[in-house]
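Q: One letter stands for each residue in the lines below.
There are 4 protein chains.
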Amino acid sequence: MLVTSPPRMALTTDMPATSLTDAFRRDPVQAFRSVRARTLALTEPLAIEDWNVQSMPDASPVKWHVAHTAWFFETFVLRPHAPAYRPLDERYTLLFNSYYVGVGDQHPRERRGLLTRPTVPEVLRYREHVDAAVIDLLGSGDEAAVRSLVELGLHHEQQHQELVLTDLLHAFAQNPMRPCYRSPRADPRATTVSDAARPHRAATSIHAPTAQQWFAFDGGLVDIGHTGDGFAYDNESPRHRVWIDPFALAARPVGCAEYIAFIQDGGYHRPELWMSAGWDAVKSGGWEAPLYWQDEGDRWLETTLGGVREVDGAAPVSHVSWYEADAYARWAGARLPTEAEWELACRDLPVVGNFVESEALRPRGSVGRTDGVAQAFGDVWEWTASAYAPYPGFRAAGGAIGEYNGKFMCNQYVLRGGSCVTPASHMRATYRNYFAPDTRWQFSGLRLARKP
Amino acid sequence: MLVTSPPRMALTTDMPATSLTDAFRRDPVQAFRSVRARTLALTEPLAIEDWNVQSMPDASPVKWHVAHTAWFFETFVLRPHAPAYRPLDERYTLLFNSYYVGVGDQHPRERRGLLTRPTVPEVLRYREHVDAAVIDLLGSGDEAAVRSLVELGLHHEQQHQELVLTDLLHAFAQNPMRPCYRSPRADPRATTVSDAARPHRAATSIHAPTAQQWFAFDGGLVDIGHTGDGFAYDNESPRHRVWIDPFALAARPVGCAEYIAFIQDGGYHRPELWMSAGWDAVKSGGWEAPLYWQDEGDRWLETTLGGVREVDGAAPVSHVSWYEADAYARWAGARLPTEAEWELACRDLPVVGNFVESEALRPRGSVGRTDGVAQAFGDVWEWTASAYAPYPGFRAAGGAIGEYNGKFMCNQYVLRGGSCVTPASHMRATYRNYFAPDTRWQFSGLRLARKP
Amino acid sequence: MLVTSPPRMALTTDMPATSLTDAFRRDPVQAFRSVRARTLALTEPLAIEDWNVQSMPDASPVKWHVAHTAWFFETFVLRPHAPAYRPLDERYTLLFNSYYVGVGDQHPRERRGLLTRPTVPEVLRYREHVDAAVIDLLGSGDEAAVRSLVELGLHHEQQHQELVLTDLLHAFAQNPMRPCYRSPRADPRATTVSDAARPHRAATSIHAPTAQQWFAFDGGLVDIGHTGDGFAYDNESPRHRVWIDPFALAARPVGCAEYIAFIQDGGYHRPELWMSAGWDAVKSGGWEAPLYWQDEGDRWLETTLGGVREVDGAAPVSHVSWYEADAYARWAGARLPTEAEWELACRDLPVVGNFVESEALRPRGSVGRTDGVAQAFGDVWEWTASAYAPYPGFRAAGGAIGEYNGKFMCNQYVLRGGSCVTPASHMRATYRNYFAPDTRWQFSGLRLARKP
Amino acid sequence: MLVTSPPRMALTTDMPATSLTDAFRRDPVQAFRSVRARTLALTEPLAIEDWNVQSMPDASPVKWHVAHTAWFFETFVLRPHAPAYRPLDERYTLLFNSYYVGVGDQHPRERRGLLTRPTVPEVLRYREHVDAAVIDLLGSGDEAAVRSLVELGLHHEQQHQELVLTDLLHAFAQNPMRPCYRSPRADPRATTVSDAARPHRAATSIHAPTAQQWFAFDGGLVDIGHTGDGFAYDNESPRHRVWIDPFALAARPVGCAEYIAFIQDGGYHRPELWMSAGWDAVKSGGWEAPLYWQDEGDRWLETTLGGVREVDGAAPVSHVSWYEADAYARWAGARLPTEAEWELACRDLPVVGNFVESEALRPRGSVGRTDGVAQAFGDVWEWTASAYAPYPGFRAAGGAIGEYNGKFMCNQYVLRGGSCVTPASHMRATYRNYFAPDTRWQFSGLRLARKP
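Chains as they are written, first to last, in the numbering used here: chain S, 1 to 452; chain E, 1 to 452; chain X, 1 to 452; chain U, 1 to 452.
Source of the hints: derived by calculation from the structure; they are not laboratory data.
Heads up, a few of these hints could be off.
For chains that are exact copies, the list does not tell them apart, and a pair is met inside one copy or across any two.
To be verified - Using 20 Å as the maximum straight-line C-alpha spacing, the simulated DMTMM-like pairs for lysine to aspartate or glutamate come out as follows: (1) LYS283 to GLU403; (2) LYS283 to ASP105; (3) LYS283 to GLU110; (4) LYS451 to ASP218; (5) LYS451 to ASP245.
Input sequences plus hints: build the corresponding full structure.
A: What follows is the structure, given as structure tokens:
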């Protein structure tokens, strides 16, 4: 068998991180090429076997992500808008449909890992086929609908870039050999564990974050949701009014050292700290710590995209479910912020932080004392107290594309701010991510709120 | 074996329906006796076998309800406050604990139906034992804490009175013989199905409700939640401010004839109408109509507490999940109201309606044209768009009693207004009931909201 | 509700234990009455709730057993042979059909416990209705087919008499209160545990059985299976020839003290002693001892039909699966006998032993030294090494009655000899009982075989 | 990533097909090289993704098979017998242990497909590392124990060669694209389906096999089991005496056209033809035909290693479970032979047939009229009526190697004769294969027996 290696490509790009909207308006074809190339760049360290594995129904194989993001452009841009377009293989319509029932049947989600064919080279060919047609179409005129759909497709692609990394981490963590996706860039604060099987038993000190600071907000009648003419998902609209009581917000996310204190105080063994459903999850899942952590007696190790490492006490805790976030907050005498509080507190901050472009691929130690709320963007998605629901007056788009966000508006909680595997240009203050409350494989952490 | 029949007792009582708080303040012992007697009155039509059956983990045997409500007084009133109290059997502490981990272990919920012992007479003896001690304690002094806990216990008892009926209906519906709990009082509008096995095939006309009316509300900054000094559960507090956009609310709940139109329009076969999780529930559960309905081709039958009957098109649809309520609303071009909207619209209405005291034991045909929102109380619990969450500043009570409501504040939706099996004196406009979105065995229906 | 108590009746009867065939030929009506009455006599100690409980899909409620045995006569005797017979309720045809697909649909096995109706009095009425018609039919002529079917029905009834007791024991064992079915007759060797919740911690000596003896058999070409004109099930025929190598058989079943030695030697923690499927069962079921045993540190308790008692080391071990029997035999350097070996060794022994008529309702201490194989009948069913398969030339009866035994001839193992809850007149040396290898709720034990 | 392609190699070899024993005795090193090379030759048509997929817990990834067969030599030959041997990676001990608890823990069977690492090149390196050491050891002396273990390892390897093909077929059949493993050699009788998605609707005639012939056998006292000094597995011993009644055996396996007649006669819808457990499997699995068949209305298609093809009526039916074989036999008025009958009838036939070396990779049309039992070897494994059990006097080998066969001797049925994916040199008349009665992914068919 001959495998065409994907082109080697630096993970970093020349695209201004903070504005995919600007980049796309300036040069749609260039923005398209750039975002599409980033997806393939992520696959550079992989063996072919790594492309095809599916470690749980919630995760998908890298190959499927790579094909599905092409399918998205084919289905929503090319088929309706490029009359001359000829699909490469009609069978891909079913294979790479994620959940759009308006498009037709889907290959069962939990069986994506069984698709050894099409092979990686065939999927890359599919991608090239689609890319050529999209670039052609973008160059052929100035149809606003096409541009709008391509822009949506690029944001969609960025979401899958994040999933490629979270899903790979989950798959690698199932392998007793604990493969390393990519060695992290040098970080003087980190302790690399050279031999996970036999960790040194010497006592190690956990770096603690600086003491938590709190910042007060008046609240009041506030407008929440997307505004302006940049890109946003439909679920960020319509902008609407909410009443917010005065509150205080922590300066930074909860750190690992703080979370270890919760564990050591019996956090996972005290039902009074948990929602009833959370306590059920603790027991049925045998939870004793965040996902990927292992207790080595005198220290905590965690499986990361850079291999097995010692937990960094100063870094934001990650891979905790909403249940754990909620229980921690109760233990700490605080609570999770609502999404409106979070948005009010963070909407004027610059969207900078430890995003995927830093190549750290894990949350990093927190900042020191600050003058205000910090570390809101990047590092970890922050669970909020808000159940994911439509904003008042929300209307999904017509047709299958309307399934993008709207049909998931129940049984989930909103997270804000992006993580260390989110592309920087993907993020904004009004962005609403959402996952079920038992979700742990995302880079999800928390920030505390309380009365001022 | 000799079974002591529970005392025959009319279901109706002389207690003023609208104020358990008033009744309790006037004469706590009399209120206690009255509420307690009502529970036993509900068991009057039962065979002993009916007391013990558990048809699903969410439902409990009648015998267990009867024992657990005694356990509640024993555990939270007598043990802490009546030093001389001697439990009848220490083993009941575990057997009849529902979910209070602060009290200790629980017999597994899904195994309650396996408890053939203690027998019904033994449980009635337990109940008498507890009752005597509570009455003794109430008469012995004026301790506010005791009175407050007894009052809570009576509201708790009323909740279980409702569950006795919903759980019996579910159990009877599993039996191909379709036992009848109690023949309903004569109702000229109802068509009784004399022989469910061979229904007459003559075409029958579905009584349609009067055309829906809409009433507009301005909204604005509104205070929501319990106020005053009457009893309320902890989850109705604290009273707090919310912003409500202008909205319109339907005059009455959605009727069965309207719901049949939804079915006939393919409602259960059109995924675009459903939340994704709701669509999964439709497929995995094989849902084609509300729970307890069966399609007889030319008419719909439903299993009720009064046996198998023809569906009454004019009555509010019941036994639909939140998913079905949400899908119906979308189909109808409307939406579910938020709980704040519901409370604002209904809080000045008198708390009267088709409650359990009517002995109809099913939702009844709707009112005709009205001057405002009607049928808010009784008939069916109305699903709202609001995920069940703590009100801002909510604090659960200390100790095990704090588990009453607080630990369930996730993964559920709020319902308002009470149903045809709710005791009238149990209801108020700020009352928040809550169930998971796939729940169908409660008397749950819906009312539409939309832009004004 | 008024419950008509079943007639009080002594468990023992005047029917000659060793020959239901003889009794039936002498006086079919009397034999019919006698066997039928024994079923009801078994229910004498029960509360009504006990009649209706189903503790697992493999077990059935007593009420269902009582109704099903009437159904059997109605379906296979009255409907085809008594033209004037009028069923009491046609709906019972489905409700009380066990597994005869040739008769029609069945109420799902695992949902039998949900049938609170018909009530116990109604089922007893059904039984009386059927009994009268059968007695009428038996008196009306001399049709051989009828007599043969009634005789089969009586043996069928006896099987369900045994199941009534095994299923009740299982249900009672699920109740933390550990109800006692009936206090055993005085037995000087037994230690009754007066207070299971707080057992005395004094050291107690386990009565050990006498040392095991072995008896050698030559084997050779042997005819196996039913012969003569007495009653036998179809699966005991045709009599056929088998070759048996020389072997030795233990004088008595393995005793509890011997089994405790296996446990203490790590039997449940040494995979090399187990079939692979057995080891899976040990791990998934958390098996550490026979079903119903509990380890009290200095002694073993077991839940019996006479309540919680101390394990009697001298009594045959019971409630072990085939997997446990097989593992024990391997540990002991022996093996299980084949069913042909068992039959050859035991076919000339008198069919006497600790059957249900002794009212011990548990296996009893073993005999002392003997002159040959002993304790083959009664006490415990003895697992054999033989997978349950048709004898060469086996043909099931035509029609639905042919489903009685034939369709279960896979995935099960043969047991021989009857138990302490088997009616004595039900047993014979050629009798083949069969259960899946993970079955534990029957009174199943083992006897060792080896090379001579 | 660079992938080292496995060496291209013809599937056929120069090793005498009928005697691995002879070849091994003549030149152990050459026999070792030859068998090991055959495993890699099977992987020649694969994409790397195909190596890693696991389509169900019963199947394993090709990569795992390739690694596990190396592990077998490392664990049972090199570690105990080659003191200087240094394992390539100690972590492989756990990863590639199938089920030998005596060796230590195992990576969970159902999670083998998650092992993307070690990669294919790394596994091939592991294999080379082990091969070199085994060849070294074989050349270094004449230790009988080593030779015996290596010989066992080669037979073990041949079993996994068969599993590579059955597991790949299962995986490919899960993919809607229906990949083709290898186009079959030209076969004039076969109809290749060029376009599975749109099959031609023209009526096609099913080739029927020649009419079935029957051959009678006297039976009597017969010695069964392995004899002589060639290689055999432990479960073929000890040779022992059995009594066999006279019987007749069909000349050839049941053909597809005959099986289609069973389907058309309602075979899958008539519970009276099935074992009770088989009927449950039919309903729960939705079985309507052999695994891999699809009903195209006017013809049957099947997924094969050569892609989707029309069913060949003259070829032995394959991919049927024991339940289906048993039901078919009952429908046909016959039965399955016992394994002793099969062995008696076939032991003097030459071990030739459609084995893997033919490269047909599917059962082929049957022979015409014959003078005796034919087609016993190759084509399809033939289910017998015999539950898999130890032969009288069976003793497993000591140590972990004793787990090879012995611990699976329950809940399975014996199959005889080998299939179209079995290496010819692997087969002999006494060979006992075994699978659970619901197994369908093997090339399993049946041959009928009856009274003479």
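Q: Are the hints correct? Go through all of them and say.
A: Evaluation of the provided hints:
1. LYS283 to GLU403: between (34 Å within a copy, 18 Å between copies)
2. LYS283 to ASP105: Close across copies (14 Å), not inside one copy (36 Å); limit 20 Å.
3. LYS283 to GLU110: Only across copies: LYS283 and GLU110 sit 17 Å apart there, 25 Å inside one copy, limit 20 Å.
4. LYS451 to ASP218: within (11 Å within a copy, 30 Å between copies)
5. LYS451 to ASP245: For LYS451 and ASP245, the Cα distance is within 20 Å only inside one copy (9 Å; across copies 26 Å).
Every hint, counting from the list given before, is met by this structure.
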